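Asker: Protein chains in written order, with my numbering: chain A, 1 to 416; chain B, 1 to 416.
Be aware that a few hints might be false.
One copy or two, it doesn't matter: identical chains are merged, so the pair holds either way.
Straight-line distance between alpha carbons at most 27 Å, and here's what the computed DSSO-like set of lysine-lysine pairs gives [unchecked claim]:
1) K399 x K111
2) K215 x K353
3) K215 x K192
4) K353 x K51
5) K399 x K11
6) K215 x K13
7) K399 x K51
8) K160 x K346
9) K353 x K111
10) K267 x K11
11) K353 x K173
12) K173 x K57
Bear in mind the hints are in silico, worked out from the structure with no lab data behind them. Computed from a prediction, not measured in an experiment: that's the story for all the values here.
2 protein chains.
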Amino acid sequence: MGLTLEEIGQKAKAAEGMLRTLPTSRKNEVLERAAEALEEQQDMLLRENAKDIEAAKESHMAQGLVDRLLLTESRILQMAEGLRQIAGLEDPVGEVLSMHRRPNGLEIGQKRVPLGVIGIIYESRPNVTADAFGLCFKAGNVVILRGGRDAIHSNQAIAKALRGALEECQVSKDAIQLIADTSHETAERFMKLNQYVDVLIPRGGAGLIRTVVEKATVPVIETGTGNCHIYVDESADLDMAVDIIFNAKTQRIGVCNACESLVVHEKVKDALLPRLAGRLKEKQVELRGDEASRRACSDIQPASEEDWGKEYLDYILSIKTVSGVEEAIDHINRYNTGHSEAIITKDYGNSRKFLDGVDAAAVYVNASTRFTDGFEFGFGAEIGISTQKLHARGPMGLKELTSTKYIIYGNGQVRP
Amino acid sequence: MGLTLEEIGQKAKAAEGMLRTLPTSRKNEVLERAAEALEEQQDMLLRENAKDIEAAKESHMAQGLVDRLLLTESRILQMAEGLRQIAGLEDPVGEVLSMHRRPNGLEIGQKRVPLGVIGIIYESRPNVTADAFGLCFKAGNVVILRGGRDAIHSNQAIAKALRGALEECQVSKDAIQLIADTSHETAERFMKLNQYVDVLIPRGGAGLIRTVVEKATVPVIETGTGNCHIYVDESADLDMAVDIIFNAKTQRIGVCNACESLVVHEKVKDALLPRLAGRLKEKQVELRGDEASRRACSDIQPASEEDWGKEYLDYILSIKTVSGVEEAIDHINRYNTGHSEAIITKDYGNSRKFLDGVDAAAVYVNASTRFTDGFEFGFGAEIGISTQKLHARGPMGLKELTSTKYIIYGNGQVRP
């Protein structure tokens with residue numbers, strides 16, 4: 001696929017019209033066939049993936065990154081299963097969100113339609129190639145993928161299998177295109193392809209996302225980092241607080257909805273912190289707190305200003321003492337990344353203050369921040385978690401991959 | 001107000017928290033007081049505006065542009081009236097769009113919240129200063145305005161009156177800030193102020209909008225140009241067609257929802273075009289068409305390829321002949337700007353094909369494209385018409401100036 005970006009864009013636009021009105025049953029047929037194709041072509045996929053793995057080892061890639069890159073039989077089955085699950089989800093396209101009649105008799109409705117052409121820029125997980133295609137396609141969108149250089153053979157192999165499935169189902173194979181040229185220069189030009197691309201979704205680390213936000217002229221949905229807080233209020237059930245903090249901090253540390261910072265009411269710090277420290281010792285969690293917290297518990301190391309804004313993604317927790325819910329809200333709004341924040345409380349008024357006052361995609365009362373996830377929210381799938389406020393905020397499922405159009409039924413109305 | 005952008009951003013963020021939870025009644029009180037303040041300070045406003053007008057005349061600004069810049073007693077009353085109307089609109093903030101219970105007992109709802117800090121970049125109409133403040137404020141947002149250099153005295157005077165009203169109502173006057181430095185350099189830095197600004201809305205001509213889209217790293221809502229088409233189907237009521245085209249073309253020519261291009265079924269061109277040409281002569285509309293249309297009507301001049309993509313904003317109409325609804329849809333999707341498109345038809349199937357197949361913010365059956373407007377749609381107000389697909393598409397009222405947050409009620413849930 002040695003096409004220029006211009007050619008790729010034109011092919012995407014040409015495919016867009018067909019996808020806009022493709023019936024759900026045909027979309028599901030493609031997804032089922034694509035799942036089969038991945039399974040049938042497992043040997044080819046493993047062979048191509050081996051080329052990437054070999055190159056990665058030759059360039060002394062870190063073991064964790066090599067593992068991200070690796071395809072196995074079970075990972076291929078997971079990709080296929082993911083496509084089948086997407087086939088089982090409700091098609092968001094065509095829903096009329098509202099319709100009303102105006103005094104002049106016009107009936108004006110708002111209908112859910114595909115976004116059009118979605119660009120995905122991602123790093124070295126080859127499964128994103130199949131996942132992103134499945135979600136974008138089910139919502140009626142054409143997808144242009146730009147994966148990492150390290151995974152190029154794997155991505156091309158997966159894209160080839162998916163394009164074959166589209167062709168067999170007589171749907172334009174350009175519903176998915178992969179940019180073969182993985183140079184930074186081409187990536188930057190891709191980010192400015194406004195004529196052909198309706199939205200860009202970067203998937204990867206903070207560096208990638210920052211680059212896309214800075215360079216792109218195409219609208220971007222930012223999926224971001226999570227410096228998530230749990231605030232333990234004066235009235236909290238401390239058993240519940242310990243359980244929730246333990247879960248949110250340690251159940252999985254490398255994810256954006258893990259808890260990174262504890263905010264604690266000064267009146268419960270003495271009762272909470274020693275117990276919590278004991279529990280977190282099970283997982284060797286390092287505690288870094290302000291002076292007041294350190295007076296309450298000797299296991300806590302001093303925190304620096306830098307700690308408050310940090311997404312550790314590690315067995316570290318920062319601890320800040322506050323005089324009440326207002327100060328907790330101020331602290332959180334100052335240092336958070338707009339992802340997920342929780343209050344543990346029995347107080348009705350404070351729960352409402354926290355829900356209203358905290359500025360984040362997801363605000364919890366008495367539950368772990370780890371639930372911010374498309375599957376946990378019941379969307380059946382997820383393309384990422386938006387930390388921006390435009391278009392989509394929080395976990396993004398199929399609906400977030402759509403736009404709307406106004407449809408207006410008249411019988412000759414003109415504007416006076 | 002000689003503040004740096006950094007200081008302006010910090011003040012905006014400081015005001016944001018108060019606005020996030022400001023009760024509707026207090027927002028309305030501010031809007032009413034602001035309307036009074038504009039009326040009371042009319043002399044000051046006119047005096048400051050006179051400085052801008054004098055400078056404009058000295059620099060030989062075109063008469064039309066001077067008129068755009070001019071404040072009069074009646075224009076000031078209109079601004080005040082606009083604020084009172086906004087006070088009368090329903091507050092979008094706080095609406096819970098959905099709430100559902102998950103199997104684990106978590107109740108997850110999606111609640112409408114302010115966007116946060118909105119940046120508006122506009123040209124020389126001083127009334128935008130009051131209008132944009134009113135809409136952003138009612139939706140709970142802080143607004144930072146960057147108006148044109150030509151209107152700086154007028155804009156500062158209006159902002160001063162509005163800030164005075166905020167202060168009298170004990171609401172942070174930084175709910176509106178105007179950037180005093182109107183240099184391009186500062187405007188460009190403003191477009192990259194991601195740390196403080198959640199969204200930018202450019203209001204003005206195509207050049208301004210293109211610049212903002214190209215330079216901004218803050219998310220942009222693009223309000224765009226309209227190359228709007230009307231397709232007259234084989235089965236159309238030709239009287240209705242002539243009335244609607246006449247209205248959409250001539251009722252107001254300089255607006256984005258005016259009709260710029262007629263697409264006509266080849267089987268009705270002979271019956272339609274001479275009648276239409278006769279009617280459009282009343283307004284001296286110039287007709288530019290393809291060969292087939294010119295055979296049907298001798299008043300039509302030859303169109304060039306360039307005509308199909310043109311937003312004339314003038315008494316000119318292009319005419320394209322097609323063999324049916326599919327070709328009409330293809331032509332429109334190729335040349336339109338995603339604004340407003342209409343079909344005139346009696347055919348059920350063709351009306352549905354057109355509604356589904358045409359990619360635009362508003363698609364009409366048997367009505368004038370001139371209705372694409374926040375007031376005509378019943379929103380009560382409008383900050384612009386979005387021609388992009390992300391976040392908001394079509395007329396943008398108060399709801400489009402909001403975001404959502406997920407609120408989650410638990411009773412101790414942790415993720416297994």
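Asker: Now tell me if each hint is right for this structure.
Answerer: Evaluated hints:
For the identical chains of this complex, K399 and K111 are neighbours both inside a copy (12 Å) and across copies (16 Å), given an alpha-carbon limit of 27 Å. Taking identical chains as interchangeable, the C-alpha atoms of K215 and K353 are never at most 27 Å apart, the minima being 38 Å within one chain and 38 Å between chains. Taking the closest pair of Cα atoms, K215 and K192 come within 27 Å of each other both inside a single copy (8 Å) and across two copies (11 Å). In this assembly of identical chains, the alpha carbons of K353 and K51 never lie at most 27 Å apart, being 55 Å within a copy and 47 Å across copies at closest.
Taking CA atoms no more than 27 Å apart as the test, K399 paired with K11 passes inside one copy only; the shortest distance there is 25 Å, against 35 Å between copies. Taking the closest pair of Cα atoms, K215 and K13 come within 27 Å of each other both inside a single copy (23 Å) and across two copies (25 Å). Proximity of K399 and K51 under a CA criterion of 27 Å is satisfied in neither setting, with 37 Å inside one chain copy and 51 Å between copies. For a Cα distance limit of 27 Å, the shortest separation of K160 from K346 qualifies neither inside one copy, at 55 Å, nor across copies, at 45 Å.
Only between protomers do K353 and K111 lie at most 27 Å apart by alpha-carbon distance; the minimum there is 14 Å, versus 35 Å within a single protomer. For the identical chains of this complex, K267 and K11 are neighbours neither inside a copy (63 Å) nor across copies (32 Å), given an alpha-carbon limit of 27 Å. In this assembly of identical chains, K353 and K173 lie within 27 Å of each other by CA distance solely across copies; the values are 23 Å between and 51 Å within a copy. In this homomeric assembly, K173 and K57 never come within 27 Å of each other (Cα to Cα): the closest approach is 33 Å inside a single copy and 60 Å across copies.
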